[in-house]
Amino acid sequence: MALLSGRNTNTSTPPIHDSSHGSKKSSAATPLSRKTGDNAASISSRLGDSLDVVSRTIGGNSPEAAAVVIVYIGSLIDQQMIHDNVIQPVMIALHANKEQSSGLKMLELLSRNIIATGSMMAIKTEEEALEALLNGFCVIFVDGIEEALITVTAGGEQRSVNVPITQTVIRGPQHGFTEDIYTNLGLIRRIIRSPDLRLTGKRIGRRTQTNVFVAYIDGIAQQSVVDEVQRRLDAIDIDGIIESSYIEEFIQDRTFTPFPTVMNNERPDVVAASLLEGQVAIIVDGTPFVLIAPVTFFKFFQSAEDYYQRFDIASFLRLLRHITFFASMLLPALYIAVTTYHQEMLPTTLLISLAAQREGIPFPALLEAFLMEITFEVLREAGVRMPRAIGPAISIVGALVLGQAAVQAGLVSPAMVIVVAFTAISNFVTPHINIAIAARLIRFSLMLCAGLLGFFGIMTGIIVLLTHLAGLQSFGVPYMTPIAPFIKSSWKDILIRAPRWAMKSRPEVLGGGKRKANASMPDWQRQKKPE
Amino acid sequence: MRKRWVQIVLAIAILIVQSGCWNRVELNELSIISATGIDIDDKGRWRLSFQLVIPQAISSTTGVSTNAAPVYVFSTEDESMRGAVRKSSLELSRKLYFSHNQMVVISEKAARYGIGTLMEAYMRNADARETVAVFLTRESARNTLEQLVSMEKIPGAAIQHMIQNEAANGGSFPQTSVFRVQQELLGGTHATGIPSLMLAGKGSSFDSLNLMQKTHSDIKIKLGRLGIIKGDKLVGWLDAEESMGAMWLANRIQRTVLPFPCAPSRKKDSSLRIIDTDTHVKPVRKGNRFVMDVHTKVSGTLYEYSCDDDMTKPATIVKVQQAIAEEVKRVMQTGWKSLQRQQADIVGFGGAVHEKFPKQWRSLAANWNEQLDQVEVNYDVKVSVEQTGMSSNSFHSKQDKQGG
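So the protein sequences, as listed, match chains A and B. Sequential numbering of the first sequence, starting at 1, is according to the numbering used here. Sequential numbering of the second sequence, starting at 1001, is according to the numbering used here.
None of these hints come from the bench; they were simulated from the model. Where is the CB? At the ideal position from N, CA and C, for every residue including glycine. Each hint should be verified, as a subset may be incorrect.
Said to hold, decoys possible - Some chain B residues well away from chain A (every beta-carbon gap over 12 Å; in silico): (1) 1126; (2) 1129; (3) 1149; (4) 1203.
As the list claims (entries may be wrong) - So the derived label-pair ranges between C-beta atoms look like this: (5) B:1233 with A:347: 34 to 40 Å; (6) B:1124 with A:418: 36 to 42 Å; (7) A:258 with B:1086: 56 to 62 Å; (8) A:347 with B:1209: 22 to 28 Å; (9) B:1241 with A:495: 55 to 61 Å; (10) A:495 with B:1362: 54 to 60 Å; (11) B:1086 with A:455: 25 to 31 Å; (12) A:455 with B:1365: 51 to 57 Å; (13) B:1216 with A:445: 55 to 61 Å; (14) B:1112 with A:455: 42 to 48 Å.
Modelling step: build the complete structure from the supplied sequences, incorporating the hints.
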């Protein structure tokens, strides 16, 4: 029997099938010995006699033949808990019980009457013992029987639940996921108190044996999507999973695209809302970023805030986000095209003003734009990577030296600086950073198109882009839903956000079939008439 | 797969290199034309003058001294218009850029010779915009382009705004674009009116920034008369009042101030601000001749009123409205008479007849302009004074009342 690690394990959790690449089944199971000392020594040596492996011998006549040996990895467990609930009761019991029963009788005594922990299991092999130890269990060997008890004592320092750093809202829940998967699962469960919430676990990573949970709501999520997610997860063969992006790269539909087909989020409320819409969440141990799939293009422009603010301002902001996304993708390209090919499109006064600014600039507009864009990308990257203490220096160098001095030196025109700056700012408006990155990359190719062929080039670029987008899928869902394919009912939550009671059905494609589920206008509101 | 990548990379690389050969033009490789002038010499050679904008001298952002003139004027000559444009490269470092041309000025001599060549050039070329304003001038066109306009940086744009302002708030002269000229000259009557520019004042020329240091200028550019084009040639002129009459008939008055005498004996010392006006022409056959019924509705606010009438009485308002109607009628008559004299229907009567009597028009079209004196016009002007302004009775009458 394989084990499920963690604090809240109980027998009702479906057992995880030992992922075939996880632990090598080929190495034959080593049965436990009757002697506690042998068992403890063997386990310790298989762990390389690491200093954090603790064996506590209790009772008996000699260390080799102790009545009970408790083995645990000190760095993974909760010291207080193991002391209060395991070691202390065992010692008191053994001390009180002078005749010292052993074997199965002792095992059952310990399991039923003495050890005060939530879950308890009997194991028979060393491999099971090792797996249990590495997941923060403690193993209790009893003299005279080839079995051992394992119980949950996992603990250790964890970051507490905090305000999400990457996705902030003004109004709404202010807690974010942490690195601890059980905390994260709890955060979701506490929002969706439904027995239909399914959390199925897996171990992925040959060495890291990372816990991965697939969460969905039975009856809302499409079974085919859930199965597809499970299938893709099972197919992953990798040494280690450090962050959910490892999994994302394995399960995403298309690698060679700038557009993300899996969303990540560190907000429990967003994950819960996605589950309620029929999406599937993939929660990975060790990272606060939970994956959500399937997603469509327009999902990336929905901020959690949209649903917490009034629908009018939410709609306005969402439109703004769509516009700025295209601005961040197109603005430099449009500027290049207009100033080098289509000067007749500008109002005369603007043209003259731009022409005056460009007077004496040595580079073509395309090169000028590339220079500034690359400069900005360098600044941005420096801003993310540099140690916090050097922050102000970067802003001074960036703003003054590069911006102002470049203009004064006559290397770039002030209008270009404005265009690049606005482009950069509008890129930050997008609530999900991975779609903003897509715009960032596409911007450069569109600039090139504009520099080569003007508006015609931009148009060509956009056509190629749209063709690509129309062909993308995320777990079987067309990426551009509900525009292509056109689904009228889903439009209420795309460019605008309709009032909550107006969104009567769940997103069809994600939820599978049309279902009246969300809400309807309250009767008292409907009946109200102006007097 | 690798081969495909090589192909893509090669295609991009080649395209980048090619871009230099295509029509990519950086902003600082353009010479932006703000106005074009057209003269003709005795041998029939066109002399094209261009007013080029010097962006550095106009935009205040660059630190270049603002003592430089904002525009540069030069001329080229050739027997064809485009030939003259081509010759610009003999003396210019940058490509001539026509898309932002604001106006074209035609000298009287060139207009009398015929503007067909110009219209042809505008119709055939993509970079010449038909929205450009057209003017005539008695002087040479080049001289007109050389004039600066106070308060404005680009004279071409300034003059274009001048005619816009006049058409919207004055009403004596129409805003005439190349497109409109083409439309009317290709229309039934082959006649149109083009406003003219003139140099007014006693100085010689307002062509130096030094003259801007004074609080006034001795000479300035002004809208003068309306030139009548028939066929494609200039045939005569209308003065401001005659032109305004024509504008009334052509329903091209938008908002203007109309001075009128409040009593028959007085001078025109009262005025009405016209808010809305509409003229409708209805041709009626009378034997072989045509009678044009002109129905005009005018509504406006009283701006000035100099008589002593009691404005609180409705009867007075009726009287005022009659006085205004008489004045409008008089202006229209003045305009119509001068058009009959010039034998040019620029107000669209021909078009109205064409619409109503298409069969008869076929025989009339050929010499409609020459038979204008056969056309009788009936005027029916309805005026409504909507408001009397912020006061009712005139200042004088109030003073008298207090005194008495």
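Here's how the hints hold up against the structure:
1. 1126: violated, 10 Å
2. 1129: violated, 8 Å
3. 1149: Holds, since 15 Å exceeds 12 Å.
4. 1203: holds, 28 Å
5. B:1233 with A:347: 34 to 40 Å: Given about 35 Å between the Cβ atoms, the range holds.
6. B:1124 with A:418: 36 to 42 Å: For residue 1124 of chain B and residue 418 of chain A the Cβ distance comes to about 39 Å; the hint holds.
7. A:258 with B:1086: 56 to 62 Å: For residue 258 of chain A and residue 1086 of chain B the Cβ distance comes to about 47 Å; the hint is violated.
8. A:347 with B:1209: 22 to 28 Å: holds, 25 Å
9. B:1241 with A:495: 55 to 61 Å: With Cβ atoms ~57 Å apart, the hint holds.
10. A:495 with B:1362: 54 to 60 Å: Holds - the Cβ-Cβ distance for residue 495 of chain A and residue 1362 of chain B, about 57 Å, lies within 54 to 60 Å.
11. B:1086 with A:455: 25 to 31 Å: holds, 28 Å
12. A:455 with B:1365: 51 to 57 Å: Hint violated: Cβ distance 44 Å, outside 51 to 57 Å.
13. B:1216 with A:445: 55 to 61 Å: holds, 58 Å
14. B:1112 with A:455: 42 to 48 Å: Taking Cβ atoms as reference, residue 1112 of chain B and residue 455 of chain A lie about 43 Å apart, which means the hint holds.
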